[in-house]
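The whole structure should be built from the sequences, with the hints applied where relevant.
Number of protein chains: 2
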Amino acid sequence: MTLTKEVSNVKEQGKKAKKAAKTLCLLTTDEKNRALLTLAQHLEENYEKILEANERDLQKGREQNFEEAFMDRLALSKERVHEFAEGLRNVAKLDDPVGEELSSWTLDNGLGVKTVRVPLGVIGMIYEARPNVTVDATGLALKSGNAIILKGGSSALHSNGAIVDVIHEALDQTKIPRDAVQFISTANREATSELFTMKDEIDVLIPRGGASLINTVVNNASVPVLETGIGNCHLYVDHDADVKKALNIIINAKTDRPAVCNAAETLILHEEWLQSYQEELKKALSDAGITVHGDDKALAVFNDGYKAEEKDWKEEYLSLDLAIKVVSNIDEAIEHIEKYGTKHSEAIITENAEAANKFTTLVDAAALYHNASTRFTDGGALGFGAEIGISTQKLHARGPMGLPALTTVKYVMNGTGQIR
Amino acid sequence: MTLTKEVSNVKEQGKKAKKAAKTLCLLTTDEKNRALLTLAQHLEENYEKILEANERDLQKGREQNFEEAFMDRLALSKERVHEFAEGLRNVAKLDDPVGEELSSWTLDNGLGVKTVRVPLGVIGMIYEARPNVTVDATGLALKSGNAIILKGGSSALHSNGAIVDVIHEALDQTKIPRDAVQFISTANREATSELFTMKDEIDVLIPRGGASLINTVVNNASVPVLETGIGNCHLYVDHDADVKKALNIIINAKTDRPAVCNAAETLILHEEWLQSYQEELKKALSDAGITVHGDDKALAVFNDGYKAEEKDWKEEYLSLDLAIKVVSNIDEAIEHIEKYGTKHSEAIITENAEAANKFTTLVDAAALYHNASTRFTDGGALGFGAEIGISTQKLHARGPMGLPALTTVKYVMNGTGQIR
Chain F
1 MTLTKEVSNV
11 KEQGKKAKKA
21 AKTLCLLTTD
31 EKNRALLTLA
41 QHLEENYEKI
51 LEANERDLQK
61 GREQNFEEAF
71 MDRLALSKER
81 VHEFAEGLRN
91 VAKLDDPVGE
101 ELSSWTLDNG
111 LGVKTVRVPL
121 GVIGMIYEAR
131 PNVTVDATGL
141 ALKSGNAIIL
151 KGGSSALHSN
161 GAIVDVIHEA
171 LDQTKIPRDA
181 VQFISTANRE
191 ATSELFTMKD
201 EIDVLIPRGG
211 ASLINTVVNN
221 ASVPVLETGI
231 GNCHLYVDHD
241 ADVKKALNII
251 INAKTDRPAV
261 CNAAETLILH
271 EEWLQSYQEE
281 LKKALSDAGI
291 TVHGDDKALA
301 VFNDGYKAEE
311 KDWKEEYLSL
321 DLAIKVVSNI
331 DEAIEHIEKY
341 GTKHSEAIIT
351 ENAEAANKFT
361 TLVDAAALYH
371 NASTRFTDGG
381 ALGFGAEIGI
391 STQKLHARGP
401 MGLPALTTVK
411 YVMNGTGQIR
Chain C
1 MTLTKEVSNV
11 KEQGKKAKKA
21 AKTLCLLTTD
31 EKNRALLTLA
41 QHLEENYEKI
51 LEANERDLQK
61 GREQNFEEAF
71 MDRLALSKER
81 VHEFAEGLRN
91 VAKLDDPVGE
101 ELSSWTLDNG
111 LGVKTVRVPL
121 GVIGMIYEAR
131 PNVTVDATGL
141 ALKSGNAIIL
151 KGGSSALHSN
161 GAIVDVIHEA
171 LDQTKIPRDA
181 VQFISTANRE
191 ATSELFTMKD
201 EIDVLIPRGG
211 ASLINTVVNN
221 ASVPVLETGI
231 GNCHLYVDHD
241 ADVKKALNII
251 INAKTDRPAV
261 CNAAETLILH
271 EEWLQSYQEE
281 LKKALSDAGI
291 TVHGDDKALA
301 VFNDGYKAEE
311 KDWKEEYLSL
321 DLAIKVVSNI
331 DEAIEHIEKY
341 GTKHSEAIIT
351 ENAEAANKFT
361 TLVDAAALYH
371 NASTRFTDGG
381 ALGFGAEIGI
391 STQKLHARGP
401 MGLPALTTVK
411 YVMNGTGQIR
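Line order of the protein sequences matches chains F and C. The first sequence begins at 1 in full-length UniProt numbering and counts up one residue at a time. The second sequence begins at 1 in full-length UniProt numbering and counts up one residue at a time.
Hints were generated in silico from the structure; no laboratory data involved. Keep in mind that the hints are not guaranteed to be accurate.
[What the hints assert, rightly or not] Capping the alpha-carbon separation at 30 Å, the derived lysine-lysine pairs in BS3-like fashion look like this:
1. F:Lys19 x C:Lys19
2. C:Lys339 x F:Lys297
3. C:Lys339 x F:Lys11
4. F:Lys339 x C:Lys199
Predicted model only: the values in this text are computed from it and were never measured.
Okay, structure coming up:
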C-alpha cells in the first residue's frame, strides 16, 4: 500500500514540476537572479536547522560505519552552508542562456526564422549522498529556467530534506513557484525507477555519482539521459616527453584529488622513456604514496607493485592506486585507450607536436590534453562559473556542462501568410 | 545457424565501420568532396544496374499488392538516379563542419583551450523502403567524416544493395575506405535488434520512417538515438486570424504533401472565428478534398464529417484527413497541443502579436510558427542544403538537422606542463 502511494506521488510531483516549468520559462533574468539571492540568504539564516538534520544523517552513518571519505562529503558545517549560498550568488552572476538568439535569417519569401535558446523543461537529478548537489543543481536548473526533481542518496535524506524545506520557504518570497523544486523524500528504489520512465513529465535525467549509479540510469531509463562523469582517464608519456613536465603532471593528475572523475587512473609509458627515467619516476610515485598495478614490463621496474589484471585497466580507482602499462609506440597507447577509456579526459605528454596532434585527433574523448594535467576538465577550472556535470556522451552536450547545456533550442518562424 | 552467422556479421560490420571512421576523420574537405563527386558520377554511369535491381523489388511489391504511395517511393528511374547524384554534388558544395573551431580561450596559467567540431564516428541509419535515403544519408555521413551502417526496409533490399555496390566500387577510387559504408543485406529483424545494442561500434542510431519504426528504435536501443520526425502538427486559428491567411495556410499545410511529417494533422479553431468564417472554411476544405474528423462543435458546421475519437487527436494521418477541435480560448488550444503534440511543428494564425508570442513561448516544440505553414520545417526549405532528418528531441540537436548535427565537439587543451 505504502509503496504504491509513494510511487504515484512521484508521478504527481513530476506533473507539478512540469506545470511550474511553464511559469518559470516566462520569468525575466532579473526575477530569477533575485530568487537565487533570496535562496542564498535563507540558507545562511537557517543553517542551524540544516545542521540539525545533517547530524541525524551523520549519526546514522556512524552507526553503519560508513567510510571516512563518505562521511566527509556528507558532513555540513556553518562554513559549508555559507559556501552553498556563495555558489548560488555566483550562479546569479552568470549570463542567462534563456532567450539567447543563436541565429536568425529571412527566407526569400519573407518568412523570418530564428533559433532561440529555451529551457529543457524539467530536469531529474539523481545523485549520491552529497548535500551540496541539492543546492548546486537547484541553482543551475532555476537560473536556466528549468524545474528540477531531486532524488539524492538515502544517507543524506534528512540533510537534503531540510535544505529543500528552506529552499521552499525562500521560494515563497520569489516569483518562482515552490513546485519548481521537487524533492523525492522516500528512500525506496521504486521511486527512482519511476523517474526512469516519466517521459511525459521529465525532459532529461542527470545521474551524478559513481559508475554503478550512472550505469543503472543509462541502462534503465527511457527518459533521455545526460550521461556524466565516469572517468577512466589515461596519461600517455611518449618517448619525447620532458621528464619534469611528465613527473609533475603524473603526480598532479593522480594525487591532487584522487576521488574525482578527472583524476588519472592509468599511466601508459613509452618503453624508451621509461628506460631513461625509471629512477626519477619510481621515486616520484613512491614519495606520493602511489600503489602501482603494472604489466610485466612495468613490474620489472616497479618491483613492489601488483600485477595488473584485466579489471585494473577498466577500473576507476578513485584512490592512490595507478595502473601502469608499457608500450613500444603511440599506436599501442591509442589502442589501449580506445579499448578501456570512458571518453572523458585523455592526455599525452610529449615534446613532439606531430605525436600530440595524432593523439588529440585520433583519441575519441570529451577532452584531450597535450602537456597538461587531466584535472582541468572542470567547469570551474575552465571558467564556466559552475557546472551541472561532465558529459561523456556525444549527443550533443560534451565535456563540462554549464548553463547552456541545460537549455535546448526552438525555431521560431514569423510569417505574413507564407505557404509552400 | 544462419541466424547466428548473420547476427555476428552485423557486429563484424560495425567493427569495420569503426575502423574506417578512424581513416575518414583524417581526410581533408577536398578529399571528401572529390569522393562525393566520384560517387555521383558512378551512380549515373551505373543507373541501368540500379534500375534492374529496382525492378526486382517492384515486381515483388506488385505481387504483394503494396499500396500506390509505397510503390511510388520505391520506384527508381534514370531521372531519379540523376537526382541522387545531384544531391551528392550539393552536399559536396556544403561547408564542412569538421575541424571548425567553435571557441578558444587561454586560462590564466597559459593553458590553451579550444572546442573543435569532430565527427560522431559511426552512424547507424535505420529506414523504410526508400532507396533515396541510402544515397542521401551516405553523402551526409561521409561529408561529416562519419562511417555509416545502412539498414533499409526489406522491400528495397535489391535496390539498396545495387546502390551500395556502385558506391563501394566508386569508393575504391577515392581516399574513403569502402568499409566506411556498411550495408546490412539481410532482411531479418534480429540484425536490426543487434544494431540497437552495439554501443562499442555505433555512436548514434537515426531511425527514419513512420511512427512504429521510430518508436521501436527509441524504446529498444541502448545506443543513443537521434529521434526524428513523428509529426502530429497542429494549426491553431485564433479569433483575430486573417481569413485569407488562415485558409491558405490550412490548405497548404494539410494538402501540399500530406504524407510528410511537417504536414498538419489537427486544426484547432477559436469558436468565434469559426462562427464568422464557417462558410469560407467549409468550402475551402471541401474543394481540397479534405475529410473532417471533428468534435461536436466542429461537426455542427462540418456536418458531413466523422466524429473525432481519442485516436484522431493522436494520429499522424499522413493523408487528406484532418481532425478539427473547437476551443473557446488560446489556453485550451495550448493545452490540447501539449497533450497530443509530438513536439515537431506547431502554428498559430492570428493578427494579435501578444497571442502569437504567448503561443510560441509556451508551446514546447522544435518549430513554432506565427502566420505561416508548418511545411517550412525542412532543411531544404530553410537553406541547410540537405538534412538527415528532423529531430523531435531536445538533447541537443533539435529541428531540421544538417551536417553540424552529425558532429560533436572535442575540447583540445595545449599546455606546457600545467597542473592544478
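Outcome of the hint check:
1. F:Lys19 x C:Lys19: violated, 47 Å
2. C:Lys339 x F:Lys297: Outside the cut-off at roughly 63 Å; violated.
3. C:Lys339 x F:Lys11: holds, 16 Å
4. F:Lys339 x C:Lys199: holds, 13 Å
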